[in-house]
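Asks: Residues per chain are reported as follows:
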Amino acid sequence: GENVEQHPSTLSVQEGDSAVIKCTYSDSASNYFPWYKQELGKRPQLIIDIRSNVGEKKDQRIAVTLNKTAKHFSLHITETQPEDSAVYFCAAEDSGTYKYIFGTGTRLKVLA
Amino acid sequence: KAGVTQTPRYLIKTRGQQVTLSCSPISGHRSVSWYQQTPGQGLQFLFEYFSETQRNKGNFPGRFSGRQFSNSRSEMNVSTLELGDSALYLCASSLVATSGYEQYFGPGTRLTVT
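Top to bottom, those sequences are chains L and Z.
1 is the number of the first residue of the first sequence in this note's numbering; add one for each residue after it.
1 is the number of the first residue of the second sequence in this note's numbering; add one for each residue after it.
Just chain L, same shape as in the assembly:
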C-alpha cells in the first residue's frame, strides 16, 4: 500500500519569506496529490491539489510541484503572511482505492 513521508515536521519562517514542504510517496501508480491546511481547532481545508499528468500548479501565492520519477511532491508558499501559520498535510491516493494516505503534517509558523 501507499506510504507518505512529509518533511519538515515544523518550519518557522519570517513574514515575507518563502516556505517549502516536501512529501515523498511509495506507490508509483498514485495519481492524485492534495494538500490540506488545518488551522488550530478547525477542520482541514483543501488548498491545492495536483494530478499526475501535471508537473506544476499555481494558485496565487501557493504552488505545488510533482516529480513522478522521484515520487515526490512539494508545496511552495511565497510571500508568507501570519495567517499562513497552520499545520499543512500532504496526501496521496492509494492507487484507485479511494483511500487517501496522509503525511504526518508540517507545523508552519510565520513570524511577524
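Because the hints were derived from the structure by calculation, they are not lab data.
Note that the structure is predicted; figures quoted are calculated from it, not measured.
Honestly, I wouldn't trust all of these hints.
Stated by the list, open to error - Derived PhoX-like pairs (lysine-lysine); straight-line CA-CA distance at most 25 Å: (1) L:Lys99 to L:Lys57; (2) L:Lys68 to L:Lys58; (3) L:Lys42 to Z:Lys13; (4) L:Lys22 to L:Lys57; (5) L:Lys68 to L:Lys22; (6) Z:Lys57 to L:Lys99.
Starting from the known structure of chain L, fit chain Z onto it as the hints suggest.
Replies: Showing chain Z alone in chain L's frame:
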C-alpha cells in the same frame, strides 16, 4: 450549499462503552470517508463508503465499524472504548465516484475516553 456536518462535536465516554458518531455530507456527495486524527499519528484512514457500501477500510480493529444510509449520511461506531481511542474523528465527503477526487472535511467530533 451547506458543508459537511458532524454530530456531536464533543463527547466524553468511559472505557468499555460504545459510541456512535454521525456525518452528513455535502448535498449531492455520495462518498464519505472517516479519519482518526491524533497528535502523534496524524490523519489515519478508517473507511470509505459509497452508495451504502464500504469500498475501503484502513488498518483499524473490528471495534471500529461504520455504515451509510440511502441519503448518504454516515455513522461510525466504536465499541468497547479504550483510552487510546481518544481523538478527533473527521469525516470527509466527495462528489466524484472515481479516483482522484476532492474531499471536503467536516468539523470533527472530539472523543475523550476516560
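Asks: If a hint holds in the structure, say so; if it does not, say that too.
Replies: Quick rundown of the hints versus the structure:
| no. | hint | result |
| --- | --- | --- |
| 1 | L:Lys99 to L:Lys57 | holds (23 Å) |
| 2 | L:Lys68 to L:Lys58 | holds (18 Å) |
| 3 | L:Lys42 to Z:Lys13 | holds (22 Å) |
| 4 | L:Lys22 to L:Lys57 | holds (15 Å) |
| 5 | L:Lys68 to L:Lys22 | holds (13 Å) |
| 6 | Z:Lys57 to L:Lys99 | holds (8 Å) |
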